[in-house]
Amino acid sequence: MVDRLLHRGREAAAPGDPRDEVWRRVKLARHLGRPRTLELLGEMADEVVELHGDRGFGDDPAIVAGLARIDGRRIAFVGQQKGADTEENVRRNFGMPHPEGYRKAMRVMELAERFGLPVVTFVDVPGAHPGPESEERGIAEAIARSIGLMIRLRTPVVAVITGEGGSGGALAIAVGDVVLALENAVYSVISPEGCASILWRTADEAPAAALAMRMSASDQLALGVIDGVVAEPGEGAHADVRETARRLKSAIVTRLDQLAAVPLDELLEARYRRYRAIGPYTEVAAPAVAQPPSRGLTDRLRDLLDPGRWAAGVPLPGSSRRDEPPAHEDV
Amino acid sequence: MPIKLPSFRPRRDDYPPDLWTKCPSCGEMLFNKQLDKSDRVCPTCDHHFRLSAAARLELLLDPGTFEERDAGLQSVDPLGFVDQKPYPDRVAAAQVATGLRDAAVRGIGAIEGRPVSICVMDFGFMGGSMGAVVGEKVARAAEDAIAARIPLIVVSASGGARMQEGTMALMQLAKTIAVLERRRAARVPYLSLMTDPTTGGVFASYAVLGDVNLAEPRALIGFAGARVSAGTIAQELPPGFQRSEFLFDHGFIDRVVHRRDLRTELVQLLRYLRPADGSSGDGVEGDTRWGFRPMGFLSQLADRVVPEIGPPPGSSGSERSSEERASGEAKRG
Ligand SMILES: [Zn+2]
Numbered sequence: 001m002v003d004r005l006l007h008r009g010r011e012a013a014a015p016g017d018p019r020d021e022v023w024r025r026v027k028l029a030r031h032l033g034r035p036r037t038l039e040l041l042g043e044m045a046d047e048v049v050e051l052h053g054d055r056g057f058g059d060d061p062a063i064v065a066g067l068a069r070i071d072g073r074r075i076a077f078v079g080q081q082k083g084a085d086t087e088e089n090v091r092r093n094f095g096m097p098h099p100e101g102y103r104k105a106m107r108v109m110e111l112a113e114r115f116g117l118p119v120v121t122f123v124d125v126p127g128a129h130p131g132p133e134s135e136e137r138g139i140a141e142a143i144a145r146s147i148g149l150m151i152r153l154r155t156p157v158v159a160v161i162t163g164e165g166g167s168g169g170a171l172a173i174a175v176g177d178v179v180l181a182l183e184n185a186v187y188s189v190i191s192p193e194g195c196a197s198i199l200w201r202t203a204d205e206a207p208a209a210a211l212a213m214r215m216s217a218s219d220q221l222a223l224g225v226i227d228g229v230v231a232e233p234g235e236g237a238h239a240d241v242r243e244t245a246r247r248l249k250s251a252i253v254t255r256l257d258q259l260a261a262v263p264l265d266e267l268l269e270a271r272y273r274r275y276r277a278i279g280p281y282t283e284v285a286a287p288a289v290a291q292p293p294s295r296g297l298t299d300r301l302r303d304l305l306d307p308g309r310w311a312a313g314v315p316l317p318g319s320s321r322r323d324e325p326p327a328h329e330d331v
Numbered sequence: 001m002p003i004k005l006p007s008f009r010p011r012r013d014d015y016p017p018d019l020w021t022k023c024p025s026c027g028e029m030l031f032n033k034q035l036d037k038s039d040r041v042c043p044t045c046d047h048h049f050r051l052s053a054a055a056r057l058e059l060l061l062d063p064g065t066f067e068e069r070d071a072g073l074q075s076v077d078p079l080g081f082v083d084q085k086p087y088p089d090r091v092a093a094a095q096v097a098t099g100l101r102d103a104a105v106r107g108i109g110a111i112e113g114r115p116v117s118i119c120v121m122d123f124g125f126m127g128g129s130m131g132a133v134v135g136e137k138v139a140r141a142a143e144d145a146i147a148a149r150i151p152l153i154v155v156s157a158s159g160g161a162r163m164q165e166g167t168m169a170l171m172q173l174a175k176t177i178a179v180l181e182r183r184r185a186a187r188v189p190y191l192s193l194m195t196d197p198t199t200g201g202v203f204a205s206y207a208v209l210g211d212v213n214l215a216e217p218r219a220l221i222g223f224a225g226a227r228v229s230a231g232t233i234a235q236e237l238p239p240g241f242q243r244s245e246f247l248f249d250h251g252f253i254d255r256v257v258h259r260r261d262l263r264t265e266l267v268q269l270l271r272y273l274r275p276a277d278g279s280s281g282d283g284v285e286g287d288t289r290w291g292f293r294p295m296g297f298l299s300q301l302a303d304r305v306v307p308e309i310g311p312p313p314g315s316s317g318s319e320r321s322s323e324e325r326a327s328g329e330a331k332r333g
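Protein sequences appear in the order of chains A and B. Just so you know, our numbering puts 3 at position 3 of the first sequence, and the rest follows in order with no gaps. Just so you know, our numbering puts 118 at position 118 of the second sequence, and the rest follows in order with no gaps.
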């Protein structure tokens with residue numbers, strides 16, 4: 001699957017095409033050799049104690065969580081964990097968490113709050129696991145609750161996008177007082193392939209979608225979604241894991257020390273205001289757009305335009321579904 | 001030339017679409033006037049057609065009580081997003097088609113005389129997708145509910161976050177959840193109604209977080225698109241996957257409610273779930289504790305104290321004003 005993701009969606013583009021630049025970063029963010037949460041912690045921490053299980057269902061191998069000591073500072077950590085090879089990827093579900101992964105994350109974050117440990121998260125996920133079991137056990141509920149917990153968690157939170165920041169599955173552990181990203185990390189509301197297949201009607205336009213969504217770390221910094229970008233050495237994080245971890249450690253420690261100096265109430269209020277204010281819109285004084293015709297007629301017009309309407313009578317096997325899910329992949 | 005007998009087999013032209021609608025579920029041809037009368041539920045098979053925001057408000061609220069707020073909120077184009085078409089053009093086209101400014105309408109209304117802060121989504125506007133405007137409207141609806149201490153109702157109908165606003169749309173999950181967390185701490189009730197469809201980031205934020213989660217029958221509700229689920233996982237999907245009843249069976253929806261019963265059920269729930277006023281809940285029946293009562297505990301104190309001692313002679317008495325306030329509020333409730 002990783003191979004499929006890595007190799008599809010590439011079309012020859014003109015030299016100097018900005019799509020090349022962003023797509024190069026998408027490929028780096030997905031690089032099989034990119035250091036994951038445990039590798040980064042292994043380099044930057046004096047000690048790591050991984051904790052397991054969500055206390056309700058099981059232990060999700062796609063999310064790791066626990067306690068660690070970085071530069072003498074005690075922290076709690078949470079992060080997605082993709083595999084370093086196919087075998088490990090299969091075991092870890094390609095880093096796509098099920099609900100129990102996010103519930104384990106919440107459990108450890110609550111533990112951190114209880115014992116006054118700051119939380120550091122490492123975000124690297126194509127998206128939450130989209131399978132039936134994930135839905136059955138409430139992936140949407142787990143994501144929403146995790147976001148809510150991180151907004152009210154009474155301890156400093158530093159989130160780092162280290163690889164793929166894939167949609168709600170990423171945001172579920174990426175709410176923080178400070179959000180950092182590695183230089184070649186990407187962050188988006190939907191995968192570029194998903195976006196392209198909906199808006200361009202072909203996944204081959206993924207580089208165009210990646211560009212349109214401005215998913216690179218530097219673009220996300222400009223948009224105010226993240227607060228800082230940590231430069232990667234040489235060819236990228238995979239080329240020098242130790243140096244990447246050293247730079248990341250320095251950035252994290254600096255931020256943790258800054259946050260530790262802020263009274264908790266102020267920290268929580270600033271965190272709230274950050275997310276309350278995000279997302280630009282405008283306010284116009286003019287009255288509503290021309291009123292549509294009577295309710296019945298509008299609805300009838302909509303029914304005519306409703307793609308599900310004409311697909312009637314062709315239910316999918318086993319589900320009696322008559323309309324495809326609307327424009328979304330996950331989120 | 002043989003005489004052609006009139007055929008009883010309907011031809012296409014016999015059902016002009018401005019008069020008739022084919023039920024996508026049972027195939028029945030439904031006369032539009034009849035469909036409108038049944039709140040757009042198929043009389044044969046109970047298929048719930050999608051409702052516009054206006055029709056939804058009409059269905060749920062007391063006639064003439066809706067007072068729209070923030071009607072002027074409008075999307076901007078934070079990314080300069082162009083696919084086959086620039087994003088502002090898509091917004092403009094949706095505005096013309098629906099008469100709405102964006103995919104949600106919010107305001108204050110009343111249900112059986114009780115004030116509520118309500119936000120309803122409209123799938124007809126770019127698939128009900130959530131960008132910054134929708135997120136802001138949900139957030140403000142929750143803030144109004146907290147400020148006035150009245151229940152919050154959000155009716156979802158959405159394909160998820162709006163791709164054209166990129167991570168700005170994704171961040172609306174955090175924005176809406178942040179305000180809903182404050183709402184929870186303020187002990188103001190929130191009823192979430194999920195309608196067809198409620199998917200992606202809308203489901204994974206405010207829709208799933210109701211104090212009580214309701215859904216219309218057979219609505220598509222889920223996080224990942226079923227196409228994606230099946231495609232990525234190469235696995236057969238269970239029957240009824242991502243329908244209201246499936247979510248109900250797995251414990252994420254409290255009640256699946258037929259459209260004709262929605263108002264009744266909302267009223268019933270709101271009778272139990274009232275904004276906590278800081279006094280200990282005694283569960284006493286009656287409407288006197290309903291509504292906007294920032295000083296509710298004073299009024300209750302007055303209710304108990306005033307009749308016994310009565311106003312002191314010649315006193316303009318603060319107790320009296322409390323009592324008046326209490327009775328005034330009882331009427332409003
Ligand atoms: Zn029908």
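It cannot be assumed that every hint is accurate.
[To be verified] If you want the footprint, here are the derived chain A segments under chain B, 3+ residues with CB under 8 Å:
#	region
1	25-36
2	106-117
3	121-132
4	135-143
5	146-154
6	256-269
[To be verified] So the derived list for chain A, only partly shown, Cβ under 10 Å to chain B, looks like this:
#	residue
7	GLU47
8	VAL48
9	PHE57
10	GLU205
11	GLY228
12	VAL229
13	VAL241
14	ARG242
15	ARG276
16	GLY279
17	PRO280
18	THR282
19	VAL284
20	ALA285
If you're looking for bench data, these hints aren't it; they were derived computationally from the structure. Cβ coordinates follow ideal geometry from the N, Cα and C atoms, glycine included.
Here is what the structure says about each hint:
no.	hint	verdict
1	25-36	violated (count 0)
2	106-117	violated (count 0)
3	121-132	holds (count 5)
4	135-143	holds (count 8)
5	146-154	holds (count 4)
6	256-269	violated (count 0)
7	GLU47	violated (32 Å)
8	VAL48	violated (28 Å)
9	PHE57	violated (12 Å)
10	GLU205	holds (8 Å)
11	GLY228	violated (16 Å)
12	VAL229	violated (15 Å)
13	VAL241	violated (27 Å)
14	ARG242	violated (30 Å)
15	ARG276	holds (6 Å)
16	GLY279	holds (3 Å)
17	PRO280	holds (5 Å)
18	THR282	holds (5 Å)
19	VAL284	holds (5 Å)
20	ALA285	holds (6 Å)
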